[in-house]
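Letter by letter, the chains look like this.
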Amino acid sequence: MNQEFLPAAALYSFYVCIAALAAGALTGWALLLSPAGWAGGRSEAAPSAEFANRLGRWALRAGLAALSLSLVARGVAAQRPPFGSQYEFAIAFAWAALGVALVVERGERRPGLWFAASVAALLVLVYASTLPSALLPPVPALQNRPLLALHVGAAVLAYGANAAAFAGAAMYLLQRAALRRRWRLSRALPPLRTSDELSYRAVMIGFPMLGATLLFGSWWASIAWGFYWNWDPKETATLATWLVYGVYLHARIRRSWQGPAGAWLLVLGFALTLFTYAGNTFFNSLHSYSGL
Amino acid sequence: MRTHDDGAARPHHLEGRPKPAKGDGLSDRPTAVARRRSSPDPTVVLWRALGSIELCAALLGLLGAASLAASLLPQMPLEVRTGASPLAEWLLGRREQFGSLTPWMQAMSLFDVAHSWWFRLLIATLGVSLSVAVLRRAPAVLGASGRAVPRARRSPAGSRSQARLVRTIGSSLAEADARGVVVRTLRSLGYRLEAASAVGEPAVLRATRRRWARYGSLAAHVGLLLVLCASVVGAVTGFRDNNVMLVEGSTLPIGHGTGLSLRNDGFTPSWRPEVDVAQDFTTLTTLLKGGNPVVENHAVRVNAPLRYNGVTVHQASFGPAVELRLTGADGAPLFSGGVPLPNVDTAGRPWGVLSTGGYRLEIVAPRLNGTDRETPAGTMLVTVAMEGRAVSASALAPQGRPTAVGGVLVEFVRERQYSGLTIVQEPAAPFVWLGALLLLLGTSAVFYFPHRLVWATVVRAPDGPQVVVEAGPSRAMGRRQEFDRVHRGLARALTSPPKRTEQGAAVRRAEERQS
Chain A
1 MNQEFLPAAA
11 LYSFYVCIAA
21 LAAGALTGWA
31 LLLSPAGWAG
41 GRSEAAPSAE
51 FANRLGRWAL
61 RAGLAALSLS
71 LVARGVAAQR
81 PPFGSQYEFA
91 IAFAWAALGV
101 ALVVERGERR
111 PGLWFAASVA
121 ALLVLVYAST
131 LPSALLPPVP
141 ALQNRPLLAL
151 HVGAAVLAYG
161 ANAAAFAGAA
171 MYLLQRAALR
181 RRWRLSRALP
191 PLRTSDELSY
201 RAVMIGFPML
211 GATLLFGSWW
221 ASIAWGFYWN
231 WDPKETATLA
241 TWLVYGVYLH
251 ARIRRSWQGP
261 AGAWLLVLGF
271 ALTLFTYAGN
281 TFFNSLHSYS
291 GL
Chain B
1 MRTHDDGAAR
11 PHHLEGRPKP
21 AKGDGLSDRP
31 TAVARRRSSP
41 DPTVVLWRAL
51 GSIELCAALL
61 GLLGAASLAA
71 SLLPQMPLEV
81 RTGASPLAEW
91 LLGRREQFGS
101 LTPWMQAMSL
111 FDVAHSWWFR
121 LLIATLGVSL
131 SVAVLRRAPA
141 VLGASGRAVP
151 RARRSPAGSR
161 SQARLVRTIG
171 SSLAEADARG
181 VVVRTLRSLG
191 YRLEAASAVG
201 EPAVLRATRR
211 RWARYGSLAA
221 HVGLLLVLCA
231 SVVGAVTGFR
241 DNNVMLVEGS
251 TLPIGHGTGL
261 SLRNDGFTPS
271 WRPEVDVAQD
281 FTTLTTLLKG
291 GNPVVENHAV
301 RVNAPLRYNG
311 VTVHQASFGP
321 AVELRLTGAD
331 GAPLFSGGVP
341 LPNVDTAGRP
351 WGVLSTGGYR
361 LEIVAPRLNG
371 TDRETPAGTM
381 LVTVAMEGRA
391 VSASALAPQG
401 RPTAVGGVLV
411 EFVRERQYSG
421 LTIVQEPAAP
431 FVWLGALLLL
441 LGTSAVFYFP
451 HRLVWATVVR
461 APDGPQVVVE
471 AGPSRAMGRR
481 QEFDRVHRGL
491 ARALTSPPKR
501 TEQGAAVRRA
511 EERQS
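Heads up: the protein sequence lines correspond to chains A and B, in order.
With this note's numbering, the residue at position 208 of the first sequence is 208, and numbering never jumps.
With this note's numbering, the residue at position 484 of the second sequence is 484, and numbering never jumps.
Hints were generated in silico from the structure; no laboratory data involved.
There could be a bad hint or two in this list.
Anything over 10 Å on all C-beta distances counts as not near chain B; from chain A, calculated [said to hold, decoys possible]: (1) Trp29; (2) Val104; (3) Val244.
With beta-carbon atoms standing in for the labels, derived distance ranges [as the list claims (entries may be wrong)]: (4) B:Pro42 with A:Phe282: 20 to 26 Å; (5) A:Ala134 with B:Gly357: 51 to 57 Å; (6) B:Ala88 with A:Leu136: 50 to 56 Å; (7) A:Trp58 with B:His115: 34 to 40 Å; (8) A:Pro137 with B:Gln481: 32 to 38 Å; (9) B:Ser317 with A:Tyr127: 54 to 60 Å; (10) B:Val277 with A:Trp58: 23 to 29 Å; (11) B:His115 with A:Leu286: 31 to 37 Å; (12) A:Asn284 with B:Glu296: 48 to 54 Å; (13) A:Ala19 with B:Ala461: 42 to 48 Å; (14) B:Asp41 with A:Asn284: 31 to 37 Å; (15) A:Trp58 with B:Leu72: 39 to 45 Å.
Ideal placement from N, C-alpha and C gives every residue a C-beta, glycine not left out.
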């Protein structure tokens with residue numbers, strides 16, 4: 001029963017998540033573009049904006065729950081952590097982006113990261129739907145369940161946090177442009193300080209996780225291949241990404257880097273994250289076993 | 001209960017008080033900046049510049065750019081770096097990719113970033129910068145933690161980059177009792193009283209939670225320094241032999257002064273039925289020292305290496321091999337053993353090379369899949385040449401039948417498999433792990449379990465004492481939630497039915513003993 005039911009459950013949950021996120025993203029756009037959204041999401045000023053904000057957040061939570069179910073079903077069916085292929089990693093990536101966005105924006109009332117994160121997760125899931133999704137046994141190098149869970153699990157959280165940080169930075173830059181050009185959109189977006197703070201919180205989750213990805217990856221490489229560092233393109237790109245976020249954290253201590261400069265650094269960091277993630281497809285790398 | 005959220009406003013009792021230093025212990029402080037400006041000594045200026053955040057951020061950025069270049073551009077394999085001829089051949093391939101830029105890129109070491117002088121310079125500068133930063137700031141971090149409980153005379157004023165979190169709670173308790181309740185409540189919330197004004201003075205209390213997290217930043221920087229140093233030491237100590245091809249039944253000395261040799265007792269692959277990919281592969285090995293086995297029948301798999309006295313043997317790859325006997329024209333045996341066939345020719349046939357007794361043999365085996373007319377199953381194509389000469393002779397050698405080729409007698413005994421192994425000794429690796437662990441624990445402490453600081457000031461007011469609570473400066477996550485928790489706890493305790501005199505007196509006695 002498991003061999004048929006669980007993969008099917010994983011697939012249906014995946015589609016439910018896409019539907020929930022699409023609904024959330026539509027709600028978000030409606031909120032941003034409607035006069036209710038311009039009122040800033042304050043209940044006393046615009047009840048419909050408050051309602052749309054809540055609806056969008058619940059859509060994101062529903063999407064997160066469906067994606068969690070999909071990951072659990074797939075993991076149980078495969079009898080290993082569900083991170084064994086590019087397809088599985090994409091699902092986990094979207095899951096982490098949604099989860100981190102919800103964690104860092106706790107207590108915020110305006111439509112903030114949830115909207116940007118649901119759009120980003122939706123894009124990742126659409127990409128995932130184009131990848132081969134067959135459940136195959138892992139190649140010999142991946143046959144280490146504890147380290148697969150630690151190394152790739154940390155990478156999943158780091159990537160999700162980087163996506164959430166990027167969402168905050170994008171909101172910051174959008175709000176900055178809106179304020180300069182006096183767009184009414186600025187009333188629906190979170191204040192600059194809030195976006196900056198939300199991005200920073202996401203980096204606080206992502207930076208140690210990316211460090212853990214490197215540490216557990218090196219440990220695993222030393223067990224599987226005999227060397228903890230081999231200047232493999234994938235691990236080198238991960239190091240470059242980690243260093244960019246290290247620059248952000250150090251530079252942010254200076255007040256001049258809290259703002260647009262920091263936001264642009266986060267955009268660069270996320271571009272590197274995507275480059276590292278997609279690198280499996282074009283790197284001549286020891287990590288080229290993604291099912292593609 | 002009367003509470004008041006002051007937000008960004010500065011309470012009257014804090015007016016005019018200086019701002020405190022910000023607190024991860026490794027960031028430059030305004031006071032340090034002021035001191036730097038007043039010091040003309042160039043060595044002091046250099047010392048401070050080396051340990052500055054600006055230099056550290058710049059170095060991290062440059063190293064990030066270098067790492068990105070190393071992942072984007074093809075990097076020379078180890079076997080190419082060590083020989084002039086393979087290097088020229090490899091660079092010819094790069095010229096097809098990068099055209100006339102290739103010589104310039106080679107001159108800038110962009111094809112070997114990790115071994116370039118400029119990358120090493122960056123690493124060395126980062127090491128110096130980290131050392132100076134740690135040396136400059138460690139005394140402040142360690143000293144602050146070991147100091148006796150100081151007297152608190154003022155509460156913080158927040159930092160420029162953060163909203164100040166200040167709230168006032170009214171109470172109907174007596175002033176001394178309010179102080180006691182605040183101390184007791186903070187303790188019940190997991191806080192430790194770190195500083196207090198003397199009994200009798202207006203009560204100003206400083207309490208901290210997870211004080212150990214203040215070491216996090218220092219631990220992370222020391223960890224990174226340790227990783228850098230251990231990696232440098234690791235590059236010049238130990239050894240790493242990649243892709244050692246050991247045919248079934250063969251024994252190979254490991255060398256490097258270890259006195260060890262390794263025997264391949266058998267190789268077993270298993271295949272995925274649906275695709276042509278190995279599901280698993282295992283080499284049964286015996287490790288010998290002075291001819292005596294020290295580890296016997298150890299199954300080496302990709303994630304299960306053989307370990308002995310700091311030497312590890314890892315399964316890396318596998319491929320076809322042949323076992324053959326070679327006899328000279330005079331009847332003297334020249335070779336008997338396995339020959340790996342790690343290469344594949346354009347017809348898809350595996351081939352390998354054996355150099356022995358002044359002869360060079362190229363051995364080609366039949367294709368693994370499909371039919372092969374040139375080399376039918378049960379034969380191998382052998383080309384023999386004298387070392388250094390171009391003239392050669394070829395013949396098909398059937399299995400089990402000695403065949404004369406180029407002046408030698410070749411006997412194809414049987415088909416075999418070879419096991420590709422990586423043999424490593426890395427004495428500095430434990431220090432790399434220790435450093436990486438410190439780095440990870442340090443950053444986790446700073447970001448996930450941050451040090452919390454709270455000030456509570458009992459202020460006299462006409463309708464009873466007021467307790468002003470203020471969160472310490474921190475960039476950590478959950479600052480507001482934590483402050484709300486403390487505020488809720490204090491508000492509940494200060495407005496609940498009083499248990500006045502005894503507890504107030506007990507707290508006073510405890511504080512007197514502490515101070």
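Hints, one by one, checked against the model:
1. Interface exclusion of tryptophan 29 of chain A from chain B stands, the closest Cβ pair being 29 Å apart, more than 10 Å.
2. Listed as a non-interface residue, valine 104 of chain A fails to keep its Cβ farther than 10 Å from every Cβ of chain B; the least gap is roughly 7 Å.
3. For valine 244 of chain A, the requirement that its beta carbon stay farther than 10 Å from each beta carbon of chain B is not met, with the minimum near 5 Å.
4. Separation of proline 42 of chain B from phenylalanine 282 of chain A is about 49 Å and departs from the stated range, judged on CB atoms against 20 to 26 Å.
5. As the Cβ distance of alanine 134 of chain A to glycine 357 of chain B is approximately 52 Å, the hint placing it in 51 to 57 Å holds.
6. At about 41 Å, the beta-carbon gap between alanine 88 of chain B and leucine 136 of chain A misses the expected band of 50 to 56 Å.
7. The given range of 34 to 40 Å is broken by tryptophan 58 of chain A and histidine 115 of chain B, whose C-beta atoms sit roughly 54 Å from each other.
8. For proline 137 of chain A and glutamine 481 of chain B, the hinted distance range of 32 to 38 Å is not satisfied, since their beta carbons lie about 44 Å from each other.
9. The given range of 54 to 60 Å is broken by serine 317 of chain B and tyrosine 127 of chain A, whose C-beta atoms sit roughly 32 Å from each other.
10. Valine 277 of chain B and tryptophan 58 of chain A have their C-beta atoms about 44 Å apart, which leaves the hinted 23 to 29 Å range violated.
11. Against the hinted window of 31 to 37 Å, the Cβ-Cβ separation of histidine 115 of chain B and leucine 286 of chain A comes to about 19 Å, which falls outside the hint.
12. In this structure, asparagine 284 of chain A and glutamate 296 of chain B break the distance hint of 48 to 54 Å, their C-beta atoms being roughly 38 Å apart.
13. In this structure the supplied range 42 to 48 Å is violated for alanine 19 of chain A paired with alanine 461 of chain B, their Cβ-Cβ distance being about 58 Å.
14. Judged by the Cβ atoms, the range 31 to 37 Å given for aspartate 41 of chain B and asparagine 284 of chain A is violated: they are separated by roughly 52 Å.
15. Distance hint check: the CB atoms of tryptophan 58 of chain A and leucine 72 of chain B are about 42 Å apart, consistent with the given range 39 to 45 Å.
In this structure, the hints that do not hold are numbers 2, 3, 4, 6, 7, 8, 9, 10, 11, 12, 13 and 14, in rising order.
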